[in-house]
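**Q** Turn these sequences into a full structure, and let the hints steer you where they fit.
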Amino acid sequence: MSVAETTPETRPAWFRPAAWANLFRERPIVPLLVILVVLVVLSEVIRPGIVSLNWAGVMVRAAIPLAILAACQTMTMLTGGIDLSVGAVASMTGFVVATLVNGPGLWTGIAVALAAAAVAGLINGIGVGVFRVHPLIMTLGMSLVVLGLANVWQLAMVQTGAGVPDLFRRVGAGMVAGVIPYSLVVFVPVAAWVLVTLNRTGYGRLLYAIGDNPVAARLAGVKAWQVLIVLYVISAVLAGIAGFLYSGLTNVASVTLVDSALLPSVAAAVIGGTSILGGRGGYGGTIIGALILTVISSLLSSLGYPEAVRQILFGSMIVFVAAAYARVTNES
Amino acid sequence: MTATTTDYLLHARDISKHYGAVVALRSASLAVRPGEVHALMGANGAGKSTLVKILTGAVRPDGGTITVRGKERTAHSPAEARRGGLVSVYQEPALIPDLDILSNLRLTETPIEPFRHWLEELGLPGLDLSAMARTLPLASLRVIDLARALAIEPDVLMLDEMTAALPANLTERVLEVLNGMRGGDKSVIFISHRMTEIGSVCDRATVLREGETVGVVDVDEHSAERIVELMLGEAVDQQEALAERHVVAPEQRKHAPRVSVRGVALHPRLRDVSFDLYEGEVLGVVALEGQGQDELFDVLSGWERPEAGEIYVNGQPVAFRHPADAIRAGLVYVPADRAEALLMQRSVKENIALPFSSRVPRWGWIRKRKEHETVTNSIEKLQIDTRAQGEVRRLSGGNQQKVTIARWVASGVETLLCFDPTRGIDIRTKNQIYVLLRELADSGAAILLYTSELSEIPLVCDRAVVIFGGEVVGEVDARHADEPTLLKAAHNIGTEKEAAEVVTETSTVPVGEEADGEEASQ
Numbered sequence: 000m001s002v003a004e005t006t007p008e009t010r011p012a013w014f015r016p017a018a019w020a021n022l023f024r025e026r027p028i029v030p031l032l033v034i035l036v037v038l039v040v041l042s043e044v045i046r047p048g049i050v051s052l053n054w055a056g057v058m059v060r061a062a063i064p065l066a067i068l069a070a071c072q073t074m075t076m077l078t079g080g081i082d083l084s085v086g087a088v089a090s091m092t093g094f095v096v097a098t099l100v101n102g103p104g105l106w107t108g109i110a111v112a113l114a115a116a117a118v119a120g121l122i123n124g125i126g127v128g129v130f131r132v133h134p135l136i137m138t139l140g141m142s143l144v145v146l147g148l149a150n151v152w153q154l155a156m157v158q159t160g161a162g163v164p165d166l167f168r169r170v171g172a173g174m175v176a177g178v179i180p181y182s183l184v185v186f187v188p189v190a191a192w193v194l195v196t197l198n199r200t201g202y203g204r205l206l207y208a209i210g211d212n213p214v215a216a217r218l219a220g221v222k223a224w225q226v227l228i229v230l231y232v233i234s235a236v237l238a239g240i241a242g243f244l245y246s247g248l249t250n251v252a253s254v255t256l257v258d259s260a261l262l263p264s265v266a267a268a269v270i271g272g273t274s275i276l277g278g279r280g281g282y283g284g285t286i287i288g289a290l291i292l293t294v295i296s297s298l299l300s301s302l303g304y305p306e307a308v309r310q311i312l313f314g315s316m317i318v319f320v321a322a323a324y325a326r327v328t329n330e331s
Numbered sequence: 000m001t002a003t004t005t006d007y008l009l010h011a012r013d014i015s016k017h018y019g020a021v022v023a024l025r026s027a028s029l030a031v032r033p034g035e036v037h038a039l040m041g042a043n044g045a046g047k048s049t050l051v052k053i054l055t056g057a058v059r060p061d062g063g064t065i066t067v068r069g070k071e072r073t074a075h076s077p078a079e080a081r082r083g084g085l086v087s088v089y090q091e092p093a094l095i096p097d098l099d100i101l102s103n104l105r106l107t108e109t110p111i112e113p114f115r116h117w118l119e120e121l122g123l124p125g126l127d128l129s130a131m132a133r134t135l136p137l138a139s140l141r142v143i144d145l146a147r148a149l150a151i152e153p154d155v156l157m158l159d160e161m162t163a164a165l166p167a168n169l170t171e172r173v174l175e176v177l178n179g180m181r182g183g184d185k186s187v188i189f190i191s192h193r194m195t196e197i198g199s200v201c202d203r204a205t206v207l208r209e210g211e212t213v214g215v216v217d218v219d220e221h222s223a224e225r226i227v228e229l230m231l232g233e234a235v236d237q238q239e240a241l242a243e244r245h246v247v248a249p250e251q252r253k254h255a256p257r258v259s260v261r262g263v264a265l266h267p268r269l270r271d272v273s274f275d276l277y278e279g280e281v282l283g284v285v286a287l288e289g290q291g292q293d294e295l296f297d298v299l300s301g302w303e304r305p306e307a308g309e310i311y312v313n314g315q316p317v318a319f320r321h322p323a324d325a326i327r328a329g330l331v332y333v334p335a336d337r338a339e340a341l342l343m344q345r346s347v348k349e350n351i352a353l354p355f356s357s358r359v360p361r362w363g364w365i366r367k368r369k370e371h372e373t374v375t376n377s378i379e380k381l382q383i384d385t386r387a388q389g390e391v392r393r394l395s396g397g398n399q400q401k402v403t404i405a406r407w408v409a410s411g412v413e414t415l416l417c418f419d420p421t422r423g424i425d426i427r428t429k430n431q432i433y434v435l436l437r438e439l440a441d442s443g444a445a446i447l448l449y450t451s452e453l454s455e456i457p458l459v460c461d462r463a464v465v466i467f468g469g470e471v472v473g474e475v476d477a478r479h480a481d482e483p484t485l486l487k488a489a490h491n492i493g494t495e496k497e498a499a500e501v502v503t504e505t506s507t508v509p510v511g512e513e514a515d516g517e518e519a520s521q
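First to last, the sequence lines map onto chains B and Z.
Be aware that the first sequence starts at 0, since it is given in numbering that gives the first Met the number 0, and climbs by one per residue.
Be aware that the second sequence starts at 0, since it is given in numbering that gives the first Met the number 0, and climbs by one per residue.
A portion of the hints provided could be inaccurate.
Claimed, not checked - Lysine to any residue pairs mimicking SDA-like chemistry, simulated, CA-CA at most 25 Å apart: (1) Z/LYS369 / B/ARG199; (2) B/LYS222 / Z/GLU390; (3) B/LYS222 / Z/ALA323; (4) B/LYS222 / Z/PRO316.
What the hints assert, rightly or not - Far from chain B, by Cβ distances over 12 Å, these chain Z residues were calculated: (5) GLY83; (6) ILE95; (7) ASP127; (8) LYS185; (9) VAL216; (10) GLY314; (11) GLN315; (12) ALA323; (13) GLU339; (14) ALA340; (15) LEU342; (16) GLN344; (17) GLN382.
It should be emphasised that the hints constitute simulated quantities derived from the structure, not laboratory data.
If you're wondering where the values come from, they're calculated on a predicted model, not measured in any experiment.
By construction, the Cβ of each residue, glycine as well, lies at the ideal position given by its N, Cα and C atoms.
**A** Pasting the structure below:
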């Protein structure tokens, strides 16, 4: 699945009755699409009549902010890292805008929120890239710091009150003709930018290189700290954008709103074929992964299982898929 | 010999293995008699590694049978093969770096006393078993690996490039031990690219070419040529092309040196090294294992900062803080360990193009057409086999090494630092690399070459500096040096009068102050 040679998103992926393992390795998009279709069919079988254009639109709308968060994980995981602060950062940006919209205004709020996100990302990047703190520790710590600061902000802003701006609600939750989610306006450029960056730029190559073999990257003259600082800033800003969509979608401004999406964002990247060890994967698979997770979770809730059962099934599926990848991507 | 002489101890028949479209083995056979040391030979990509992996149970064959002492074997893992009496020692040491030697031995349930005995036989008596594996030099780790394998007394011992990168004295001990096993009831499968070693310890040799067994040769004084013929298919002798090589005579080096090294030191083994490297020459580094050459290359490649001394590039003092600084100054590095230099999961193209993107101004859009041209050029120049170019880890060792060199050739080499570039690769590829190094030097590159195979020095180098105990102890005219002289020089026993024409003390003239004062080699 070398992203450099084939961009699976733009090429038609024929279903070939070739060995599945090989298919998984070379074109992970194909089996992922098959899984997605199977899940859609399964939904229709279990709850006849559920699948409709409107249902599809709702699925896409729910998957979009998750897919953006998962872009953060995809990019950081390619370098062998991870960004566990995306949940806190996304919650923070949505919340900050909600507190500022009635005072300084929407655009000031957006600017402040994204700047705050970028600072968090910068510190993550310096910690990981310069001080060599493990990304897991660094970003986990950062998520607590961001949450704490957001709580302080909440206390300071308690008088002004908070409200999700109309624009966010329209973009995050609105649908054209009940079918096409408005949030595509945000998602399409973001996704296009991530795909192009990973596949067609020198920077994207370096993400793969650092994840595949940091020693080789260094020997080739790559200064990893530069790459990593930029990476974690990008990740935090993308998380911030996802936060706007989450607050619009749910019409909630809360400092913990997006926390529950953190692990699904990692799962979407893993299911999409990005190796948590770095060096392998791509964003195309992640997008499908986010859709698959959204459909599964809708399917599970339509079955009426209690939350606990859904969590068990959800977790098991992630482990299963990750294990399957480990098997097929290592030769024999 | 015992009554079972006519029977084979290990017999693999018609083994085949495909990886997707790539045929690794077509029909390989190997029959090992009890009490013989049997060489397994073949060029890169001939299928040797695959056959080894199948014999050790790491890979399952698509077809064919393996019988051990007449019984069919179906080992599905190295552990099973091991219980079946087949133990292998690979190119890479199989010790856990963060455990001491004793704990490593316990892991494999190795009996300690026989292990100590073999360690002594192999020339490492009195080794501290409480030492962490990671603190020991590569050569010692390999010897420990071998002693561990011998201590289990396996029926068949498989040695894959065991002697690559071993210093000459240890290699000799290994060969002695192997010789001692001949005629017993155990066997050894010996894989090496060094013909002299094959000649001195092996009874027979099985030769693979393009996934097939093309011949089994009884080893004697005249078998080397026959083996090479079988390996290469058609007789190719690129070493002859090197005989006509252009040589940089001292009078042609009037200009200032490309790189001057003055009194460089780095813990633990590099103490005080000075030399000049001129454009258009291949300067060899003659050294036994662990004389400071590793540290020297680390310093020159920008991987480590020296503790003392200066480096000048084109007369300008430089201080490398990162390999990127060295690369900008034109010093590029090819390490011995290909796993260090390559992105194993990425394509050949990405591996070659990696340095292009390393600097921030080059982080943007990749111009694919231009990149494709450059990459294709260097692939052709190095004759890289691109059948499995999607992932570098699927290439053979020799092709991987070519990729690491191609990376620098693609962007135009000024100064190439090669650390044992031919370690563990076959003759054909070695020859290609020799020829390439000469071509690069002839077109103006300056090349510093350390090699663990002394026979390469006269073949490729113009001059060579001898490093012993972390210091330069002499300089050799590489064109006229033979292996014994070099070996003596490497042991620092060649400074007597009879070797005077070979070794001359190098001076440490500061740069700028009469660079010509550097004593020219004879």
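**Q** Work down the list of hints and note, for each, if the structure agrees.
**A** Each hint tested on the structure:
About 13 Å separates the Cα atoms of Z/LYS369 and B/ARG199, which keeps this hinted pair within 25 Å; it holds. Simply put, B/LYS222 and Z/GLU390 have alpha-carbon atoms about 24 Å apart, close enough for the 25 Å limit, and the pair holds. With a C-alpha separation of about 7 Å, the suggested pair B/LYS222 and Z/ALA323 falls inside the 25 Å cut-off, and the hint holds. For the hint pairing B/LYS222 with Z/PRO316, the CA-to-CA distance comes to about 22 Å; that is within 25 Å, so the pair holds.
Every CB of chain B is more than 12 Å from the CB of Z/GLY83 (nearest about 19 Å), matching its label as outside the interface. Under the 12 Å C-beta cut-off, the non-interface status given to Z/ILE95 relative to chain B holds; the minimum distance is some 19 Å. No beta-carbon of chain B is positioned within 12 Å of the beta-carbon of Z/ASP127; the least distance is around 28 Å. Interface exclusion of Z/LYS185 from chain B stands, the closest Cβ pair being 29 Å apart, more than 12 Å.
No Cβ of chain B approaches the Cβ of Z/VAL216 within 12 Å, the least distance being about 32 Å, so the stated non-interface status holds. Residue-level check passed: Z/GLY314 sits 23 Å from the nearest beta carbon of chain B, beyond 12 Å. Against the 12 Å criterion, Z/GLN315 stays outside the reach of chain B, whose nearest CB is about 19 Å from its own CB. With a closest Cβ-Cβ approach of about 4 Å to chain B, Z/ALA323 is found to fall inside the 12 Å limit, against its non-interface label.
Here Z/GLU339 does not stay apart from chain B, with its beta-carbon only about 5 Å from theirs, under the 12 Å limit. With a minimum CB-CB distance of about 5 Å to chain B, Z/ALA340 fails to clear the 12 Å threshold, and the non-interface call is violated. With a least CB separation of 4 Å from chain B, Z/LEU342 falls inside the 12 Å interface cut-off, contrary to its annotation. The Cβ of Z/GLN344 does not lie farther than 12 Å from every Cβ of chain B; its closest approach is about 5 Å, which violates its non-interface assignment.
Under the 12 Å C-beta cut-off, the non-interface status given to Z/GLN382 relative to chain B holds; the minimum distance is some 21 Å.
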